[in-house]
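Going down the list, the protein sequences come from chains A and B. Quick note on numbering: the numbering used here labels position 60 of the first sequence as 60, and the sequence is numbered without any gaps. Quick note on numbering: the numbering used here labels position 357 of the second sequence as 357, and the sequence is numbered without any gaps.
Since the hints were derived computationally from the structure, they do not count as laboratory data. These figures come from a predicted structure and were not determined experimentally. Check the hints yourself; a few may be wrong.
A few chain B residues facing chain A, derived, Cβ under 10 Å [what the hints assert, rightly or not]:
1) I160
2) L253
3) D351
Facing chain A, from chain B, some residues (calculated, C-beta under 8 Å) [said to hold, decoys possible]:
4) L176
5) R180
6) L182
7) T426
8) F434
9) Y551
10) T612
11) R637
All C-beta atoms, glycine included, are put in the ideal place defined by N, C-alpha and C.
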Amino acid sequence: MHSSRTVGIYLTILLAVTTACSKEDAQQIVEQTANRAMPVAQQAVDAVQQAISTEGTINLVLDTPVAASSCYLSLSKLRPNQPSILQLTSYPTAEAEDFPSVYVRADVSASEPSGLSERSAPAQMFVQPEEDGPVWYSAPGDSVRISVQASGDGSISVSLVGGTLTNSDTGDSIEVSGEFAVPPR
Amino acid sequence: MDGSVKIRATTDMRTRQQLSPVRRWRGREDRVGRGYHTIVSHILLAGLALVCGMQFVSPAVLAGPSDTEPAALLDVRSGKVSRGLLAKGQKLYTEAQTNVDEFEKKLADDQLKSIRPQQINRTYATIRQLGRAADELEAIGETAGVDLRLRSEDLQKRVIQVIDAYRVLPDIAAGLSRSRELLSQRIDRAQAKRTRAEQLTQQGKYADAARTIFSATDELFPMAAWFREERLAKSLRPFDKAHRDAHTGLLQLRTESMVQTVSKLRDRETPDFAGIIDNVRSAADAIRVKGSVQIDQETLGGPALVIHFGEQWKQLQLATLRCRALDWAMGMTPQEVDQGDLAMSHAEFSDEMAAALAVLIDADAERVNNQNAGALYVAYLRSVAQLASLTGDNQLGGGNQFSAILQPELDKLAGKSEVLPNAIETYTNVTQEFLRWLERVAARGAAAKASSCPPLADVFAAAATSRDNQPGLIAAGTNDPQNIRLMSSVSDVMPRLASSLVGTKVSVSDVTGLDSDSGAGVSVLQGRNYARVVHQEYLQGAISNLESDLYVSNATPPLSLPAMIAVESARRGDMVSVGGTITAIYLEPLVQRVATLPGPAWTLIRLGGLTTEPPEMLPIEQVILRSSVEPKWLRHRYFFVDVEQSPSRNSPQFNRRGRNRF
Numbered sequence: 001m002h003s004s005r006t007v008g009i010y011l012t013i014l015l016a017v018t019t020a021c022s023k024e025d026a027q028q029i030v031e032q033t034a035n036r037a038m039p040v041a042q043q044a045v046d047a048v049q050q051a052i053s054t055e056g057t058i059n060l061v062l063d064t065p066v067a068a069s070s071c072y073l074s075l076s077k078l079r080p081n082q083p084s085i086l087q088l089t090s091y092p093t094a095e096a097e098d099f100p101s102v103y104v105r106a107d108v109s110a111s112e113p114s115g116l117s118e119r120s121a122p123a124q125m126f127v128q129p130e131e132d133g134p135v136w137y138s139a140p141g142d143s144v145r146i147s148v149q150a151s152g153d154g155s156i157s158v159s160l161v162g163g164t165l166t167n168s169d170t171g172d173s174i175e176v177s178g179e180f181a182v183p184p185r
Numbered sequence: 001m002d003g004s005v006k007i008r009a010t011t012d013m014r015t016r017q018q019l020s021p022v023r024r025w026r027g028r029e030d031r032v033g034r035g036y037h038t039i040v041s042h043i044l045l046a047g048l049a050l051v052c053g054m055q056f057v058s059p060a061v062l063a064g065p066s067d068t069e070p071a072a073l074l075d076v077r078s079g080k081v082s083r084g085l086l087a088k089g090q091k092l093y094t095e096a097q098t099n100v101d102e103f104e105k106k107l108a109d110d111q112l113k114s115i116r117p118q119q120i121n122r123t124y125a126t127i128r129q130l131g132r133a134a135d136e137l138e139a140i141g142e143t144a145g146v147d148l149r150l151r152s153e154d155l156q157k158r159v160i161q162v163i164d165a166y167r168v169l170p171d172i173a174a175g176l177s178r179s180r181e182l183l184s185q186r187i188d189r190a191q192a193k194r195t196r197a198e199q200l201t202q203q204g205k206y207a208d209a210a211r212t213i214f215s216a217t218d219e220l221f222p223m224a225a226w227f228r229e230e231r232l233a234k235s236l237r238p239f240d241k242a243h244r245d246a247h248t249g250l251l252q253l254r255t256e257s258m259v260q261t262v263s264k265l266r267d268r269e270t271p272d273f274a275g276i277i278d279n280v281r282s283a284a285d286a287i288r289v290k291g292s293v294q295i296d297q298e299t300l301g302g303p304a305l306v307i308h309f310g311e312q313w314k315q316l317q318l319a320t321l322r323c324r325a326l327d328w329a330m331g332m333t334p335q336e337v338d339q340g341d342l343a344m345s346h347a348e349f350s351d352e353m354a355a356a357l358a359v360l361i362d363a364d365a366e367r368v369n370n371q372n373a374g375a376l377y378v379a380y381l382r383s384v385a386q387l388a389s390l391t392g393d394n395q396l397g398g399g400n401q402f403s404a405i406l407q408p409e410l411d412k413l414a415g416k417s418e419v420l421p422n423a424i425e426t427y428t429n430v431t432q433e434f435l436r437w438l439e440r441v442a443a444r445g446a447a448a449k450a451s452s453c454p455p456l457a458d459v460f461a462a463a464a465t466s467r468d469n470q471p472g473l474i475a476a477g478t479n480d481p482q483n484i485r486l487m488s489s490v491s492d493v494m495p496r497l498a499s500s501l502v503g504t505k506v507s508v509s510d511v512t513g514l515d516s517d518s519g520a521g522v523s524v525l526q527g528r529n530y531a532r533v534v535h536q537e538y539l540q541g542a543i544s545n546l547e548s549d550l551y552v553s554n555a556t557p558p559l560s561l562p563a564m565i566a567v568e569s570a571r572r573g574d575m576v577s578v579g580g581t582i583t584a585i586y587l588e589p590l591v592q593r594v595a596t597l598p599g600p601a602w603t604l605i606r607l608g609g610l611t612t613e614p615p616e617m618l619p620i621e622q623v624i625l626r627s628s629v630e631p632k633w634l635r636h637r638y639f640f641v642d643v644e645q646s647p648s649r650n651s652p653q654f655n656r657r658g659r660n661r662f
């Protein structure tokens with residue numbers, strides 16, 4: 001549980017778009033740098049990062065129920081014509097991590113949080129119910145699927161629509177289900 | 001113990017007491033030089049280093065004691081003298097061992113009388129010659145000499161037991177009486193040789209003196225072993241003294257010659273710390289002006305220079321290790337060596353090297369324009385990442401790790417681009433937490449396997465500790481796994497080690513992938529252990545997954561240093577730890593191994609650090625265990641591979657995101 005003061009710090013939407021560099025500048029970069037650098041420059045121009053931090057909730061069912069009283073969302077775009085990257089965490093920063101701890105990363109088509117609408121997007125997920133306990137994670141080939149929906153009031157709901165997680169210590173797999181709720185800012 | 005044994009033991013003991021401070025001969029170069037030895041030694045050492053280099057990559061061809069050849073002799077460091085003495089020792093040992101085995105078999109079969117006493121005496125003389133060859137090897141700093149001495153002492157005990165059994169057999173009293181009479185006659189006849197040997201010793205002609213007196217003592221002392229008579233022992237004491245004086249003189253010559261040879265090698269190997277720092281600084285100045293430097297007819301930009309100087313860093317660190325071992329060979333204690341200029345200079349150099357490379361990047365950042373900053377940043381990221389994982393946790397300058405020292409300059413370089421900082425921030429945002437979770441999963445996976453794969457150093461220490469009156473390599477009760485010294489011969493210890501270790505599950509830490517097509521890696525030297533694992537065949541799927549997780553492709557490189565380090569270290573095959581089964585073990589002498597470390601052996605130690613040595617150990621007595629480990633699981637910092645699971649789980653077609661869209 002995070003204090004409202006902490007939550008307040010993260011409530012701001014971060015929109016970091018480079019405006020000082022035109023596409024013409026970027027083209028110059030592409031032409032004048034080595035092959036490897038071309039996507040770097042292009043990616044730099046289009047990189048967008050947005051974050052919503054709020055006191056949401058996470059309710060999951062693994063072998064036992066896992067509930068977190070915070071949910072932080074960020075939406076980033078590395079390159080044009082590629083999906084955006086949605087991240088959900090139960091904590092605002094690694095330094096402020098609490099347990100149970102949850103992390104989800106998924107490719108989504110929306111560029112803005114308000115435009116989020118996915119019926120079944122593959123996602124990678126990590127859940128650690130206790131600090132010194134095992135991590136349930138998406139093993140290679142076992143991604144979970146999520147549905148994401150932004151509402152008109154600015155709230156965002158995320159549902160796990162299927163998938164299994166693997167236990168880091170035993171290698172056992174388990175079906176996972178649950179909901180992420182991000183209330184309006 | 002009979003009189004002859006006492007004489008033999010006394011001779012050896014006094015000789016060694018006089019020899020023990022080998023280092024006192026260092027620097028006394030007013031004695032007769034043996035220039036050709038130096039040249040030949042250098043040539044042979046270079047050849048040996050080359051061979052060792054190949055062996056480092058492909059240890060299947062290594063000589064020396066192993067689980068399949070437990071009685072093989074330890075390798076020697078260098079040169080014609082060492083090789084010659086080792087060959088001589090091998091021949092004498094084989095002959096004596098074969099004969100004593102036969103004597104003991106006859107004894108067990110109650111057929112001892114079928115052996116003529118003269119045969120036993122000749123074997124006893126062979127054992128004495130073996131002991132002297134061992135002393136000579138020890139005098140030139142070879143651990144193989146310590147091992148051969150222990151073997152000769154063991155053989156001597158066994159042959160004395162045979163004699164003791166023989167001399168109480170019924171019906172040999174008359175023969176013994178004749179032998180006693182014969183011995184008295186030969187002692188009288190040998191007095192002239194003794195006198196001559198004493199004269200030669202006084203003239204400093206130790207080799208001639210030794211030849212003269214040894215021919216007498218090798219005849220007389222075995223004969224005397226059959227009798228327990230003070231009168232005989234007393235009459236042999238002058239021979240013992242003449243023998244000891246000549247032998248000691250000969251050993252001193254050996255030591256002086258070795259010190260002369262090794263000193264020159266040591267001088268040549270001494271790392272030019274200041275020189276490489278100056279070169280980096282000069283390169284930085286040139287980079288600041290024109291962006292490249294001409295080295296060996298090649299034009300190198302800043303990132304290539306980081307690789308270039310990184311290679312020199314590795315080799316300088318190796319040279320430092322070699323020099324320490326050469327100092328040990330000349331009799332210095334680790335404390336003396338590590339309080340000397342070499343270790344101090346190395347520590348300062350490592351700090352300065354990191355700082356100088358930072359200056360190099362800073363110079364390039366000053367020079368580069370907005371358009372070229374992106375390409376340069378990625379190229380530097382890759383170069384720095386390749387070195388960063390090799391420095392491990394070593395703190396270089398101001399208590400910071402290598403990557404932390406260079407990060408500000410990389411940030412400055414990125415800042416020259418108007419667009420790159422934003423791209424890096426976004427890239428970091430979508431990879432940083434992911435990496436943290438991957439690291440956590442990998443650590444948990446390895447921890448779950450830890451109990452079934454204890455650290456190799458612990459398993460080795462348990463197997464090597466003396467017990468049940470059987471000397472091992474670690475004194476009972478000392479709990480000092482770093483101090484692995486020969487207290488019993490290799491041929492005695494090795495079978496016990498092999499039965500305890502081969503087939504046992506262990507884990508090894510800090511594995512670096514070798515720069516070759518071997519598909520293998522080598523763990524850092526921990527205490528007196530290191531291991532080789534062939535593991536890269538199991539990594540490809542996990543590497544592909546990691547690259548995909550970090551949005552890396554040929555066209556899209558990692559944009560943060562942690563991500564680049566993750567990818568580069570995985571591609572090289574660097575593992576935090578590896579668990580598996582020991583399939584083979586090899587025992588190597590510490591001094592010889594370290595003194596001849598070949599180029600690829602930079603993997604044995606992280607850049608910027610040196611091995612920690614017990615301050616008062618005698619390096620010549622120390623050995624290293626090298627193991628081959630067949631991996632069962634592999635822990636990279638960001639993934640864990642259980643090789644016993646279906647390989648398909650780690651195969652590239654199973655991309656974690658289910659589709660590769662980046």
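Okay, the hints, checked on the actual structure:
1. Look at I160(B): its Cβ only gets to about 59 Å from chain A, farther than 10 Å, so that hint breaks.
2. Contact between L253(B) and chain A, as hinted, is not supported at the beta carbon level, the nearest pair being about 62 Å apart and thus beyond 10 Å.
3. The interface hint given for D351(B) is broken, as the beta carbon of that residue sits about 29 Å from the closest beta carbon of chain A, more than 10 Å.
4. Checking L176(B) against chain A by beta carbon gives a least distance of about 74 Å; that is not within 8 Å, so the hint is violated.
5. Residue-level restraint check for R180(B) is violated (minimum Cβ-Cβ distance to chain A is 77 Å; threshold 8 Å).
6. Below 8 Å, beta-carbon pairs count as interface contacts, and L182(B) has none with chain A, the closest being about 78 Å; its hint is therefore violated.
7. Of the supplied interface hints, the one on T426(B) holds, with its beta-carbon coming within about 4 Å of a beta-carbon of chain A, less than 8 Å.
8. Taken as an interface hint, F434(B) checks out: its beta carbon lies about 6 Å from the nearest beta carbon of chain A, inside 8 Å.
9. A distance limit of 8 Å between C-beta atoms decides the matter here; for Y551(B) the minimum to chain A is near 6 Å, and the interface restraint holds.
10. At its closest, the beta carbon of T612(B) sits 31 Å from a beta carbon of chain A; the interface hint therefore is violated under the 8 Å criterion.
11. Hint status for R637(B): violated, given a least beta-carbon distance of 15 Å to chain A, over 8 Å.
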